[in-house]
Amino acid sequence: MKMHRSITDPAALEALRRELMAEGQAAGASVSVCCGTGCRASGALEVVEAFKQGLAARELPVKVNTRMTGCHGFCEQGPLVVLEPGNIFYCRVQAADVEEIISRTIVEGQPVERLLYLDSASGRRILREENVPFYRGQERLLLAHNGRIEPASLADYLAVGGYAALAKALTEMTPEQVIAEIKVSGLRGRGGGGFPTALKWEICRRAEGTTKYVVCNADEGDPGCFQDRSLLEGNPHSVLEGMLIGAYAVGAEAGYVYVRHEYPLAIAHLSGAINEAREYGLLGRGILGTGFNFELKISRGGGAFVCGEETALISSIEGITGEPNPRPRPPYPAVQGLWGCPTVINNVKTWATVPPIINKGGQWFAATGTAGSKGTMIFSLTGKVNNTGLVEVPMGITLREIVFNLGGGIRGGKKIKAVQTGGPAGGCIPEALLDLPLDYEQLTEAGSMMGSGGLIVMDETTCMVDLARYFLSFTQDESCGKCTPCREGGAQLLHLLEKITKGQGAEEDLELIAALSAAMQDSSLCALGKLAPNPVLTTLRFFRDEYLAHIVEKRCPAGVCRSLIRYVIDSSACTGCGRCRRACPAGAVQGTKKEPHLIDQEKCTRCGACLEACRFAAVLVN
Amino acid sequence: MAGQTVNFKLNGEEIRAAAGWTIWQAARAAGVFIPTLCHHEALHPFGACRLCVVEVEKDGKKTLEAACSYPAAEGLSVETETPRVQKSRKMTAALLLARCPSVPLIRELAARLGVAEDSLPLKGRAEEACILCGRCVRVCREAIGKRAVSFAYRGPQRRVSAPFGEEAPDCIGCTACVFVCPTGAVKAVRQDNRLRLSPWQTELPLLSCSACGRSFAAEKVLRHLHGLQKASFDPETLCPVCRRKQVGEALEKVSKLGKAGSFPPGKEQKQFKH
Amino acid sequence: MGIDLEKVDRIIEKYGNDATLCLELLQEINGTFRYLPREALVRVAEKNRTPLSQLYAMATFYKSFNLTPRGEHEVCVCMGTACHVRGAPRILERAEEILGIRAGETSADGKYTLQTVNCLGACALGPLVTVDGQYHGKLNTARVEKLLRRSPDEDAQEHN
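Residue numbers (our numbering), protein chains in the order written: chain V, 5 to 626; chain D, 11 to 284; chain Z, 223 to 382.
With the rest of the complex left out, here is chain V:
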């Protein structure tokens, strides 16, 4: 499929789209291999190669397109392959399986049973992607096309309706109407704060100055989140289109996408998309024959979480100060941002939500969700849950539905303890609150936040004190160190938590933790410091018992904190297979073959390798 002309006006765009759609329908079948980072790690590229070679080696009655698509979301089961027609869904496909897929499914039209998804609840194999429980409960608006198109291909994006919203905005709407439509939709920032998008745009539009900027914040630093990465990798044109519409609305002619350097594939796909858009006149001067001009540049981050903070991000793009420190606010970036010019900074997901709103209307978007939180949200579902991956769900869905219906429950039949939301700035929602409808307000009320949409599921073997310690060590590591409360307060707080996990804590420490947390929340310069105590405060609020167990009884109930645990072997369950003995790096496991083994507590470093190695649940944690 080759395009060869510049798209000079909306009519040309529609003509080209019709042509591309017809071409697509003419192809007899297609094989879509998920080539997101997750599936690549599991061998997706080898699978693609095998398909290309296997299909080329045969005479087939129909033309079969092999597509390398972006992330399908169900990374746990990767590499994923979807065959059309039929929406046949194969998981954990390896290159060696491809020959069978071609001969059985493509040639004979029969499924390869063993590659179909096995639903653990019913024990049945599921044929079609849309029927897999992980997908069935989702409402995919932003991720709708991720599995259907080649990410950087303008042709593919046009064939699924791409840039229609841009054409509509530029030719049928005034900038004010665009902002009004976004206002009707009730869209709020998807990066964390949940600030109303239309309001931000309006402030920027009204701000003095002729030079204005739009910025896409793709510095997805929240550990446990990868939806921004997947969107940029899988459908970069949707982000681009959203930014174009936003730029038109606020009156900007230039923009930046600030991407983490840890996301090389996202950067590659995005620059591919930008180049192609420029080639076809969708970026540059006089876009679609109107008077609208727009240029877009990529700015690569250097590995600093604090750059997700708007003012630090600005400093980083400017590159002038050399130190991406947060700046005092006000003034807010929408009034005084990049080089002092009014600047709208929105998250990847926020930008990608704009085109569907313009296409289908704000009312349509607002029909989904809760009173204050509209539309859908993409969550990264990870941790101790069976089905990990990306889920796009309507706002207002409960955590329980996500974890148990989409996520398929907890691994190894263990008991759920909590779900951590909102990344290092968020908090832990305990089991008792799992029926909370997910929206901005409800999460904030529970002491957490929506954040970037990370959901990390924890079971009884996750220690909440250790988790709080982990998050603090993260925020300390990522703090810029500019203001006293975050830098010094965070260090003190981390020290106290380390003391407790080592069994050296005292009850008074809890008061000091509360006082330090309050000071950080109240007086830190930017959101990183203000929100850093959240994981500590929510775990203290909901899991005080666990803290007290560490402090008073010198015991870690989850069996995680090393200074407080011992590994022992249950001699009645041990078969003497020797796996633990071989796995132990310290040589602490002793025993003869087929006889129960023993752990020498003097030598044991409590690394847990024996527990991991044992197949008979004979290694116990005390």
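Each hint should be verified, as a subset may be incorrect.
[Claimed, not checked] Below are the EDC-like pairs computed for lysine to aspartate or glutamate, each with C-alpha atoms no more than 16 Å apart in a straight line:
no.: 1; chain 1: V; residue 1: K364; chain 2: V; residue 2: E176
no.: 2; chain 1: D; residue 1: K72; chain 2: V; residue 2: D526
no.: 3; chain 1: V; residue 1: K67; chain 2: V; residue 2: E112
no.: 4; chain 1: Z; residue 1: K285; chain 2: V; residue 2: D481
no.: 5; chain 1: Z; residue 1: K360; chain 2: V; residue 2: E616
no.: 6; chain 1: Z; residue 1: K269; chain 2: D; residue 2: D180
no.: 7; chain 1: Z; residue 1: K229; chain 2: Z; residue 2: E261
no.: 8; chain 1: V; residue 1: K558; chain 2: V; residue 2: D574
no.: 9; chain 1: D; residue 1: K100; chain 2: V; residue 2: D526
no.: 10; chain 1: D; residue 1: K68; chain 2: D; residue 2: E89
no.: 11; chain 1: D; residue 1: K71; chain 2: V; residue 2: D526
no.: 12; chain 1: D; residue 1: K19; chain 2: D; residue 2: E67
no.: 13; chain 1: D; residue 1: K156; chain 2: Z; residue 2: E268
no.: 14; chain 1: D; residue 1: K97; chain 2: V; residue 2: D526
no.: 15; chain 1: V; residue 1: K301; chain 2: Z; residue 2: E246
no.: 16; chain 1: V; residue 1: K301; chain 2: Z; residue 2: D240
no.: 17; chain 1: D; residue 1: K71; chain 2: D; residue 2: E51
no.: 18; chain 1: D; residue 1: K19; chain 2: D; residue 2: E91
no.: 19; chain 1: Z; residue 1: K285; chain 2: Z; residue 2: E261
no.: 20; chain 1: Z; residue 1: K333; chain 2: Z; residue 2: D354
no.: 21; chain 1: D; residue 1: K97; chain 2: V; residue 2: E515
no.: 22; chain 1: D; residue 1: K68; chain 2: D; residue 2: E84
no.: 23; chain 1: D; residue 1: K230; chain 2: D; residue 2: D180
In short, the hints are calculated from the structure, not lab data.
With the hints as your guide, set chains D and Z onto chain V.
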């Protein structure tokens, strides 16, 4: 903007401030003291030490804000000594004391705010004197225009440093950093015709006065100053004392020639004594 | 140790004296030399009239830069939350033992550099390690052992 003013409440009293002023500036003009360590009037607001937090009520919401950087605006209500402010300020002082346990200024501040000696468990090094207020870095950048030193690393490792922790090639030895440092962490020592700056690990030769022979300033500073005045650099330079003396003598000559009042010679000599 | 300054000059020329590209410029130098050589930073400062202190501030602020040469092979352990709850600390510890170096260090023979990252964004596959940019997911201590005990050269051959 010129001439415009804004009205807001400070500790219950209506006060007027010039548009563009920060709360700190307005408070000072009104005679209300707000403590700060990182703020310096010659420099842009930085908002790092957080000692100057005040409680700001805006649209019915009360938040703590840094007075040094928060703009005074119409209709704000600002309180500088509420329990919330005091609590936060006290904790900030405690944190700084824990970091720099032996800096007199910090000790005094902590004592005045009622911070107990061992209120926090993690202690800094006894010799640590830097509170990372960044005045040195900022004065070098904003006032001198040299950027010879900067912050380096981040988080708990953050420090002020010359490039690579070694000699600062762009340092001219103006010692503005020494002058603005509130804790004595930045030091200059003059010895053997050389200027030693720490912690910058930088040593610069001092120029000697062509009259009295005393070393008085780094050559680079004088070159810089000449550059600013677009004048060519003359290594035959007088130290400030000798220069004043020279000017005085010239004036005296003028006054002897004319009829205007003269300098009593005895007093003048005492005044200019080295 | 001398470095090829011509290479540095070419990179400086490519990005020019645009402050917004300074980070990119340093990224490319860091990628080319596998670290940021001091001579290169001095060169950038001279050519672009950028204060050296600013380059030093950037070089030490951002995690992606190194001021000392990295090893031939880079092993990076993800310490993100999803990986953490699934045992990343154990994985890191094992990697440290096997390679005989701590996180952030390079082995004496210059073969390996061990690093940690706060999230690689492939959270569904945790715990996760990358070796020379290749992702290896769903690890346990035994698999880390297998992964790091054989040389990455063999690994590369297998991939080809």
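Right, here's what the structure says about each hint:
1. With a CA separation close to 14 Å, the supplied pair K364 (chain V) and E176 (chain V) stays within the 16 Å bound.
2. Proximity of K72 (chain D) to D526 (chain V) is assessed by CA-CA distance (about 11 Å); at most 16 Å being required, the pair is judged to hold.
3. For the hint linking K67 (chain V) to E112 (chain V), the alpha-carbon distance of about 15 Å falls within 16 Å, and the restraint holds.
4. Between the alpha carbons of K285 (chain Z) and D481 (chain V) the distance comes to roughly 10 Å, so the proposed pair stays at or under 16 Å and holds.
5. Distance hint between K360 (chain Z) and E616 (chain V) is fulfilled; the C-alpha atoms sit about 13 Å from each other, no more than 16 Å.
6. For the suggested pair K269 (chain Z) and D180 (chain D), the alpha carbons sit about 15 Å apart, so the restraint of at most 16 Å is met.
7. Among the hinted pairs, K229 (chain Z) with E261 (chain Z) is consistent with the structure: their alpha-carbon atoms are about 12 Å apart, no more than 16 Å.
8. As the CA atoms of K558 (chain V) and D574 (chain V) are separated by approximately 23 Å, the hinted pair breaks the 16 Å bound.
9. Between K100 (chain D) and D526 (chain V), the direct Cα distance comes to roughly 13 Å. Compliance with the 16 Å bound is thereby established for this hinted pair.
10. The suggested pairing of K68 (chain D) with E89 (chain D) holds, with an alpha-carbon distance near 12 Å, which does not exceed 16 Å.
11. A C-alpha spacing of about 13 Å is found between K71 (chain D) and D526 (chain V), which places the hinted pair at or below 16 Å, so the restraint holds.
12. Only pairs whose Cα atoms come within 16 Å are accepted, and K19 (chain D) paired with E67 (chain D) is accepted, the gap being roughly 10 Å.
13. In summary, the hint linking K156 (chain D) to E268 (chain Z) is supported, as the alpha carbons are separated by about 14 Å, within the 16 Å threshold.
14. Note on K97 (chain D) and D526 (chain V): the hinted pairing holds, with a Cα-Cα distance of about 10 Å set against a maximum of 16 Å.
15. The hinted pair formed by K301 (chain V) and E246 (chain Z) meets the criterion: a straight-line CA distance of about 12 Å does not exceed 16 Å.
16. Between the alpha carbons of K301 (chain V) and D240 (chain Z) the distance comes to roughly 13 Å, so the proposed pair stays at or under 16 Å and holds.
17. Annotation: proposed proximity of K71 (chain D) to E51 (chain D) is violated, straight-line Cα distance about 29 Å (limit 16 Å).
18. With a C-alpha separation of about 14 Å, the suggested pairing of K19 (chain D) with E91 (chain D) holds against the 16 Å cut-off.
19. Note on K285 (chain Z) and E261 (chain Z): the hinted pairing is violated, with a Cα-Cα distance of about 20 Å set against a maximum of 16 Å.
20. The hinted pair formed by K333 (chain Z) and D354 (chain Z) meets the criterion: a straight-line CA distance of about 12 Å does not exceed 16 Å.
21. Annotation: proposed proximity of K97 (chain D) to E515 (chain V) holds, straight-line Cα distance about 14 Å (limit 16 Å).
22. A hinted pair counts as satisfied when its Cα atoms are at most 16 Å apart, and K68 (chain D) with E84 (chain D) qualifies at roughly 10 Å.
23. Annotation: proposed proximity of K230 (chain D) to D180 (chain D) holds, straight-line Cα distance about 10 Å (limit 16 Å).
Comparing the model with each numbered hint stated earlier shows that hints 8, 17, 19 do not hold.
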